[in-house]
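Model the full structure from these sequences, guided by the hints.
As a plain string of letters, each chain reads:
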Amino acid sequence: MKLTKHIIRIAIILSCICGAVSCKAWLTVDSEDRILEEKLFGSTDGFYTALNGVYIDLVNENLYSGSLTAGMSDILAQYYDTEFDNHSYGSLALYQAEAKRLKADPIWTRAYFLILNLNKIIAHCDAKHGSVLDDTDYGIIKGECLGLRALLHFELFRIFGRSFTLAPAADAIPYVTVEDPQVSPVLKAGEVAEMLLSDLEESMSLLENTDPVRVSGKNETDNGGRNLYNYRNLRMNYFAVKALAARVNMYLGYEYRSEAGKLADEIIEEAGKFFPFSTREEVTGQAVVGSATESAEDRILSSDIIFAVYNVLRGQDMYETYFSNTLEARQLLAMSENGYRNLYPEESDLRTYQWERQKDVVGNDVMAFVKYEAMEVDGKNYPYMIPVLRMSEMYLISAECHSSVDPVNETLAYERLNALRNARQTSSVNTNIANYIEDEYAREFAGEGQLFWYYKRKNASSIPALYNRTRPDVSVSQDNYNFELPQAEGGFRE
Amino acid sequence: MMRHKVLLIVLLLIDLCAAAVAQNSQGGVRTLIGVVRDEAGKGLPGAVVYIKDNPTVGTETDKYGNFELKKIPAGNHTLIFTMLGMEEVELAYTGQETAMVTLKEATMSIKDVVVTGIMNRNKESFTGSASTFSGQELKIVANGNILNSLRTLEPSMSIVENTLRGADPNTMPDLEIRGKTSIVGELESDYENVPNQPLFILDGMEVTIETIVNLNIDRVKSVTVLKDAASTAIYGSKAANGVIVVETIPPEPGQLRVSYSANLGVQFPDLSDYNLMNAAEKLEFERLAGRYTADAETESPEQDALDELYYSRLKAIRSGVDSYWLSEPLRTVFNHSHNLYIDGGDQNMQYGIGVNYGDEKGVMKGSDRNIYGGNIQVRYRKGGFTFANNFNVSIVNANKEPVSFDQFANANPYYKKRNDDGSVPLLLESIDVAGNTIYNPLALFNIPNTNRTNDTNFSNQLDLTWRFLGAFSIRGTLGISKAISESEAFKSPEHPDFLGSVSDKKGLYSESRTDNFNYNGRIVFSYGKLFGSYHNFSANASWDFSNKDTKRTGYDIMGFVGDQHRNPAFSAGFNQGDKPTYNISTSRSTGFLLSTNYSYRGRYMLDLNYRLDGSSVFGAQRMFTGTWSVGVAWDISKEKWFQVEWINYFKLRYSIGNPGNQNFDAYMSSGIYQYNPDYTNVFGESAILEKAANRNLAWQKTLDQNFGLDFTAWGDRIRLGFDYYYKNTDPLLVSISLPPSAGSTRAYTNIGGQISKGFAGTLNVVAIKTGSMRLGVNFSFRNNQSEYVNIGNSLDFMNQKGSSEVLRRYYDGASPDDIWAMRSLGIDPATGREIFLTKDGEYTFQYNAEDEVKVGSTAPDLEGVIGLSFYYGQFSASINCRYEFGGQVFASALYSKVENLSEQQLYYNVDRRALYDRWQKPGDNAQFKAIDNLDSTPMSSRFVLDDNVFTFESISVGYDTAARWLKKIKVQGASIRLYANNIWRISSVKEERGIEYPFSNSISMSISLRF
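Residue numbers (the numbering used here), protein chains in the order written: chain F, 1 to 494; chain G, 1 to 1011.
Just so you know, the hints here were simulated from the structure itself, not pulled from any lab data.
What you are looking at is a predicted structure, and each value in this text was computed from that prediction instead of being measured.
Be a bit skeptical, because a hint or two may be false.
To be verified - Quick list of simulated restraints, FRET-style, between CB atoms: (1) F:E38 with G:K551: 19 to 29 Å; (2) F:G272 with G:A698: 49 to 59 Å; (3) F:G272 with G:K551: 49 to 59 Å; (4) G:S892 with F:E38: 40 to 50 Å; (5) G:D678 with F:K39: 51 to 61 Å; (6) F:D134 with G:V393: 57 to 67 Å.
Glycine included, each C-beta is placed from N, C-alpha and C at the ideal position.
Written out as structure tokens, the structure is:
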């Protein structure tokens, strides 16, 4: 009887232990739509999944499929006619504080949310370098993350920071590098600039020897799998980080300009062959389908894009939201005939493919912005791309630097400017370089959200009413350029 | 010892008689041999035999039930035969040589047992805090759902008054046992479980609160409430908020028996808290508030229009228009439920079949709840084996009212409900100067807007028990249940929500369905034995597992041409870009439990419990979590030195343990990523943070201590149960808000701790007891206090952000129940503005966050139930009243319906006091600020009122009979009982309750017949 008791006791203990071991497996339940952080970052594939989450979310309506491009920046830059009675974007075009706040606050929230995502990935990269990630993947993933972190902070810096050249010591934005949600201090503009440059530098050094873009370019071929090392123009690649560094340096003012010019020249030198300008055949669709076909037009001139976000619903998110002539007149963003003629004085300009003469719902003639219209072209990504960084900007930066920074090299400056102008099928110029550079910014970046920040960098006090040049120039005060930090930020810091 | 006994048995068998005679002849020291059997005649091993006055002389039976008691001293003795789970038998020993004793299985009454749902525990040896109520006790209080009765009987349990949903039959009650478990800051409502809800166990299976609410009260045998750590530890982390264990009536052996009971009731709306203006008052109020005064100069077309509006309304009122809207959606309803149960069988096999039906209509038209239920119970028993199977099925149909009650409360009395031809206009006021459209709630009520839910539930539970070797038993339980819940909502295309929509977007039909499939099982090994006559030891080891698969699907479609075709096939289809929802999830849990109990002479008791819980929701790192508890008790009345004639029972209890709380822990320490199915790119899968976790977060741990006392005196005429508890939560989990730049607007962090302490008790006194008459008084009470500790100034930013909008503050010594606001001195008679008092005692018109102080506490000083019960022969009556005093409440209805009326709110009816008690002209000594002041009012102490309430919760009268005339109609016995529930309520706060759904009173009757 004593023995029986012992046996039972041992049996109970053993079954508990066995049970506990097998329970672990039984308790591990996978969810269809969600995954735990630790599990996600347990494999290289998981890292790419998390990173892709950020790329996918960059097409958020508050970021590149909206506010950062057409939905706010370009409205502020006066591309579109909002004179219609009670126009939805009228008060934004007039720089009214409330309208600015309504657009800018969600940018802030979404951008910092993605920054937190990036910081999580960066933290896991460091923790799992060697165990989960090999050197190449570590370099690529962390490099891209740091590049994206700088990109998003820079977008916020341009919006919420005061014009840097005027107020380098003013409070700007928090530069968040911690992976746990917590209050980060608001840094001075100069401090933010340092953080930006240091992130970009680290990113470049990580990507320098790992990013296949330096060997094989954008490599737009579908390998049937996750294409992790292909389609570099859809990722924050080495050249994209470098191009961003050039843009940041340019924004930071005169002292940084020689660095900006140097970076731009290096990119043109090394990457020119990977990101050539689009040819007319490519833009008209002839290169793809054999003859000029409207439904196959490469209206975004995709060839020289160094980095674009990929929005599979671009037509719906952008064209149908802002530009389609089926929109109510007070919702529609379009240009007038006059504005169009003044913006593109040369009819051969390839960028005219981005506009189309149409009638809006009330029957008025408008120049509709069809750059982002939905289309399907076999094997091509340009119907889904929204450009963020492109080679043409490097030419403009180079031109601006060589024409204004000692030692001035006017010849090279005009060479750069005319290289772009010729590539866009417009004539060469040889005088008045500063004005022509500004004109190129306006033409080149329609729907890409760069022009207004060019004005802010230049502290332009009046800007042309691009949508209709019969209207007087619009005067822009520093208050108009400045955005208030969101109210929700208040009260957390001393 | 064992070998020694085997030897003895051999000896016995060889030379049984001789030895007996030989020893007997020795005179002084004698031996008794014999056998102890159970009722089936089988020998009982391990039974203890000893002399009552000399327990050192004792032995126990061998595995065949044989015993030999040696060295019996001279004289006559009383022998005790005892065994765990059996009734004790006494035998007079007068020198006989053999004895045959039969022990009956102990049939313990409900009061002697603590039903924990995993094992039944003898109440006397239990160290935890638990209370048990029989089905009859519950039914004396009320005949509705058992939770309503339980709240009257159990002081530590409360149902939080739902001031929003009132007496809606389809809103589940919000239950709390021993107050709220603490969490600071706002809680995101992303937890499946309500954080303070206790765990419900029905016949050993975990069930939802809906199942308990749907359970017919006549099926209930007992309800046990487990309160402290020692009693809840067996359920581990799920049980931090207490456990409610319900047992249904099992079938009994005997001839076929039929019992039937019916509950009939009348329920009527309680509008006594409403204090709305009539037409003349409302118009006058609007005039004084400046609704008919144009902003511009007096002579303007705008003013003319307003004048015209005013006089047309005045004319209507003079002609007798004074609509009373509140009564329109309401009704007095007759509710009934029936339960029929048939059971019978022999000693080996018993069976029971029951069906029940309940029809519960809500006091608002269009809302109801129908319950159909059935159950089949089978029990079979042979030797040490018991087999039991319970099968239950229930179908619940629920309908929701089409229009919220507040729309009727808001409607102005100067509007006509109906046109002169009797038709109901859709608009009460078409678009006016301010762009307002006011719809007629009556018309909205008639536009189809249905919301129907149908729940079907099947569950089966199989139970196998094997007792062996006397002291051991193994019990295996396997439960399977399937629940399907379908909801269908239809909103007519004529509903004003769709005004201006294109025709293929008018009308909405949505369907959702939830499928739950659960299985769970448990194996319990039990060992219980009396060692010698002093040491009672029992141990239970159990392993349990449960799996829950949930599938949720649903879709919305729109575009209907009219109400006649509600079939989704007649719709225009999905809204563009819409997707059906489809969600599958599985959650699993398993647990190991070791529970031991030791008692010495029934005086000193010790309980030790340890449970290891594993759950799939904990996240990868923390799959298992342990909970433990230790309980000790001392029955002083069993001590020899404490023999007080009039004290029957006096037990002291203490327990300590660490209940976890699964409701909070889920996913908090692990980040969660969500896949993005909407956008794709060339890079395959993508996932984004859904919830960022704080990796350094420590789990909220509570150390729960309980001091208890059970006392009975004068032969049960005085009975007192008292518990004091002290819960220390450290660290506290704090949900703090963050700026958007943190990437997440909310995060959990650990700051400080919280101490909650309180007491609860019940006192029953039988005041008069003569023959067939008995008069008893019962009194229950509870108090709960909490305070924060070690918070320092880390949450100051939340205090500042919350100023004038939120009433709670965080600092050391503050209580989560405190109300913070600036002190108010009332309304300045000269200006009609509110005068505040600063911290320094100065008067000011300015509300300043710095000057806020604690102005009250929502925790009452004492609350409970006081009642009387009276029995005379077969007649019985009881009254139970709830009292609550010493607390304060922020009068939110006063705040928003008397003051703080925006220009918008002038278009709706408001509390009468907005006209009579607001300041109008200099010199007025008013309670509320100037009548034409439409600015928002800060939350000041003026709205903090003393909250003292007295409610007649239950009054019932009953009569039991087995009269002869009943026999003629083959009725063995009958009982009838009349109830009045919540019939009268006195409150020091005069405020609207039941905003979306009104409260109700009820009068009901129950009839039970046994055939």
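Going down the list of hints, with the structure as the test:
{"no.": "1", "hint": "F:E38 with G:K551: 19 to 29 Å", "verdict": "holds, 27 Å"}
{"no.": "2", "hint": "F:G272 with G:A698: 49 to 59 Å", "verdict": "holds, 56 Å"}
{"no.": "3", "hint": "F:G272 with G:K551: 49 to 59 Å", "verdict": "holds, 56 Å"}
{"no.": "4", "hint": "G:S892 with F:E38: 40 to 50 Å", "verdict": "holds, 44 Å"}
{"no.": "5", "hint": "G:D678 with F:K39: 51 to 61 Å", "verdict": "violated, 22 Å"}
{"no.": "6", "hint": "F:D134 with G:V393: 57 to 67 Å", "verdict": "holds, 59 Å"}
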